Amino acid sequence: MLRMIPVREAILGSAILALMLLIASRFAGFIAPSNLANVFNDTAPLIILALGQMVVILTRCIDLSVAANLALTGMAVAMINVAMPDLPIPVIIVIAILLGAAMGAINGVLVWKLSIPPIVVTLGTMTIFRGIIFLISEGKWVNSHEMSAAFTGFPRAEILGLPVLSWTAILTVIVFGIMMARTPLGRSIFAVGGNPHAAVYTGINVGKTQFLAFVISGALAGLTGYLWVARYAVAYVDIAGGFELEVVAACVIGGISIAGGIGSVGGAVLGAIFLGVVKNALPVINISPFWLLAISGSAILIAVAFNAQSGRKKGRIILKSEEVPHD
Amino acid sequence: MTAHQHTPIVSMDMITKTFPGVKALDQVKLDLYPGQVTALVGENGAGKSTTVKILTGIYTPNGGTIRIDCEAVAFSSPNVASEAGITAIQQETVLFDELSVGENIFIGHAPRTPFGLIDTTKMHSTAKALLDGIGAPFSSHTPLRDLGIANKHLVAIARALSVDARVVIMDEPTAALSHKEIEELYELVDSLKAQGKAILFISHKFDEIFRIVDRYTVFRDGAFVGDGLIADIDENALVKMMVGRAVDQIFPDRSSATGEDVLQVVGYSHPTEFADIGFTLKRGEILGFYGLVGAGRSEFMQALFGITKPSKGVCKINGKIKIIRSPADAVANGIVYVPEDRGKQGAIIGLPIFQNISLPSLGRTSHNGFLRLAEEFKLAREYAERLDLRAASLDQDVGNLSGGNQQKVVIAKWLATQPQVIILDEPTKGIDIGSKAAVHEFMAELAALGLSVIMVSSEIPEVIGMSDRVIVMRDGLIVAELSDKELTPENLVRHAAGISAAKQLIEA
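As given, the protein sequences belong to chains A and B, one line each in that order.
Numbering of the first sequence is given in the numbering used here, commencing with residue -13 and proceeding in unit increments.
Numbering of the second sequence is given in the numbering used here, commencing with residue 38 and proceeding in unit increments.
Heads up, a few of these hints could be off.
[Said to hold, decoys possible] When the alpha-carbon atoms are kept at most 30 Å apart in a straight line, the in silico BS3-like pairs for lysine-lysine are as follows:
| hint | chain 1 | residue 1 | chain 2 | residue 2 |
| --- | --- | --- | --- | --- |
| 1 | A | K194 | B | K319 |
| 2 | B | K353 | B | K319 |
| 3 | B | K346 | A | K99 |
| 4 | B | K230 | A | K194 |
| 5 | A | K99 | B | K349 |
| 6 | A | K194 | B | K353 |
| 7 | B | K90 | B | K60 |
| 8 | B | K359 | A | K194 |
| 9 | A | K99 | B | K230 |
| 10 | B | K217 | B | K165 |
| 11 | B | K522 | A | K194 |
| 12 | B | K230 | B | K217 |
| 13 | B | K90 | B | K359 |
| 14 | B | K522 | B | K466 |
[What the hints assert, rightly or not] Label-pair restraints from in silico Cβ distances:
| hint | chain 1 | residue 1 | chain 2 | residue 2 | range |
| --- | --- | --- | --- | --- | --- |
| 15 | B | H404 | A | M6 | 38 to 44 Å |
| 16 | B | R362 | A | P76 | 36 to 42 Å |
| 17 | A | A245 | B | E518 | 54 to 60 Å |
[Said to hold, decoys possible] So, partial list: chain B residues that the calculated Cβ filter (under 8 Å) puts toward chain A:
| hint | residue |
| --- | --- |
| 18 | C107 |
| 19 | V110 |
| 20 | S113 |
| 21 | S363 |
| 22 | P364 |
| 23 | N370 |
| 24 | P376 |
| 25 | L388 |
| 26 | L486 |
Hint data in this document are derived by calculation from the structure and do not stem from the laboratory.
Treat the numbers as computed from the prediction; the structure is a model and nothing was measured.
Heads up, the beta-carbon is just placed ideally off N, CA and C, and yes, glycines get one too.
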């Protein structure tokens, strides 16, 4: 693994680099450190969510409810903040994470105990979560003047020149890097996606592992919900509408196999950054939004074609070894 | 018997089929006569399935002739065989749940209207005639998903007959049927006979062979042993023809010095799959589990390993009662299971070798919830060396290894858990003789190291050659425990097929 995946990551990294150089040739200011920091900060929510989604996709599931989970948690903590302006921010963050994790747990239980296909479960909960936002907010917005200064200020507070939002993403990447490489849970996640039948005989509980993946994805969506609402200082029913597809796209571009079992933290992060760069750069150099969509779409197709190609190569090796069992 | 019944419709003569490294059929002959049922009898691996595949045009033989009505023909494709009127009702026929019975019968060859559309009226009327002919109690408009297994089987039969078959091959048709359904199938076979069709009937069950068959042909290890009229032979003679063999396989020498009791199972039962399974396994012992396919052996092993839950029963390990609720419990208690389908249930492609080996042992290689890669490597290296695993590096993806080396990774994975009991389900199924010998050698080594081995196997020489004791299961029950002198091929087959001593007297 240490040998295989860097190839894919190196390709993606060079693609991002080439893209940035191309942009810099038209607009040199883009690669100024301060602008790159802005782009990173802008991409931070996508990075965090892509990591959660990666865990889910690795276990052969998918979580389409992340953006709705984010919006519902965001609305809930915004309303809590309006009702109790003095509640300290760490408490708000804990509430956001627990709320998100609880919603993820609902997805997980439905997949684990009722064996409903994950795409159906999360399509359903996605709609339900959006509906609940409408019910609790009665369709009204929570605006910046209603929120406390501490609430909206936290993600923008700067530590060592970077906003807390960026630091959160960096911290998440580190935690996930360790979790995936160095904990039994991380190993089980790869095993469940790689070969669920074999995982059962190894003593791994496949359903429970998938459940935990959904809880992790939900917790990150909850955390991002607070950061998102606080950063943009507004909460309403439709925030982050359609964002779940961008999150899945980041994973796919980052080489996370939709069939499960193959992928890396580095890939998911680079996939998110690639989309972030495209999204931030094209408007700057006056390229129409049409190209933005076209480039994102092409990136997804190229990434999938690339994965399919490597998957096919692997198939051939298996066949060959079956041909010569008597060697 | 009229004169034409003495001329076979289909006659296979000196048919040979080889696969790389294996001779599946060696100059076999098989004749199928009109209006008669011929049983093809043989152990697993005798070449029955290969014969069916040659008759239906899926395999092309390497030598020999197939004659239809005394004319030599070449079955180059399944289409040629079906045009010749040969049709097979497979063990697991592929049918479509969401289509109606009529559509299932005629899928691929439905009658057309002049405009090229499917003529549904004609399709359903023909289907109705076929269904009535075999006494099916449902309409051709019924959606297939509403039918039970037995009725689905009737649909499969109707589909086979819809191509105007002269030769019908039934490959273990009663395996999934209840007693009443089996009786109905017998009536159907009788009516097909009356219509003058030649029937090839493949079965392991002696009672049904003697009940409905007119002729028999016996294969052993891909070679023809004998044939004749069923009226001229009794069960014992047929069993002897089936299993009597020259000892051509050499099994490793084992000193059967076994130690204390390691595993005791008492009264394991399941609502539908098995009942009252009890036995004792000693240290260093190889205990064989023999039975026909579907006798409940794998189902019991899965319950013992915690994949399914038994309704009753106690399992003692080293004299202490242990409750095994999940595979993780089983592994923690020193029981491991190497399943039959190792390709699907063995190695995890995508993970490197060392991570595959350490996967069930992560508890030992981690500290405070974090994995120690150095210890994982140490563990993996130790077992890779013991098993002589050939790989460029333990960091390599398992998917890049050859089949044999992947198998070693799977075995290393289990040995690394330091088990006391290792369950091997059909350990040599589908592998060639050279690799079989290596697996047998390895099993003997495991037992010599003090592991207790449970070997589920359907291959008689392997069961006899490797086991200290053999438990025979039939229909979910233990019917015999054989060792030493009682452990003969005849005894195994008799107990597994349910031929009682009393019945032998009557037949004789």
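Now for the hints, and whether the structure bears them out:
1. A:K194 with B:K319: violated (35 Å)
2. B:K353 with B:K319: Measuring from Cα to Cα gives roughly 12 Å; hence the hint holds.
3. B:K346 with A:K99: Holds - the C-alpha atoms of K99 of chain A and K346 of chain B are around 16 Å apart, at most 30 Å.
4. B:K230 with A:K194: This hinted pair is violated, its Cα atoms lying about 55 Å apart.
5. A:K99 with B:K349: holds (24 Å)
6. A:K194 with B:K353: holds (28 Å)
7. B:K90 with B:K60: holds (15 Å)
8. B:K359 with A:K194: holds (23 Å)
9. A:K99 with B:K230: violated (51 Å)
10. B:K217 with B:K165: Roughly 23 Å separates the two Cα atoms, so the pair holds.
11. B:K522 with A:K194: Roughly 49 Å between the alpha carbons, so the hint for K522 of chain B and K194 of chain A is violated.
12. B:K230 with B:K217: holds (20 Å)
13. B:K90 with B:K359: violated (47 Å)
14. B:K522 with B:K466: Holds, because 26 Å separates the two Cα atoms, which is no more than 30 Å.
15. B:H404 with A:M6: 38 to 44 Å: About 42 Å separates the Cβ atoms of H404 of chain B and M6 of chain A, which means 38 to 44 Å holds.
16. B:R362 with A:P76: 36 to 42 Å: For P76 of chain A against R362 of chain B, whose Cβ atoms are near 39 Å apart, the range 36 to 42 Å holds.
17. A:A245 with B:E518: 54 to 60 Å: Between A245 of chain A and E518 of chain B, where Cβ atoms are some 46 Å apart, the hint is violated.
18. C107: violated (39 Å)
19. V110: violated (30 Å)
20. S113: violated (23 Å)
21. S363: It holds, given that the least Cβ distance between S363 of chain B and chain A is near 7 Å, below 8 Å.
22. P364: holds (4 Å)
23. N370: With a closest approach of 11 Å, the N370 of chain B hint is violated.
24. P376: It holds, given that the least Cβ distance between P376 of chain B and chain A is near 6 Å, below 8 Å.
25. L388: holds (6 Å)
26. L486: It is violated, given that the least Cβ distance between L486 of chain B and chain A is near 22 Å, above 8 Å.
The structure is inconsistent with the numbered hints 1, 4, 9, 11, 13, 17, 18, 19, 20, 23 and 26, although it conforms to all the rest.
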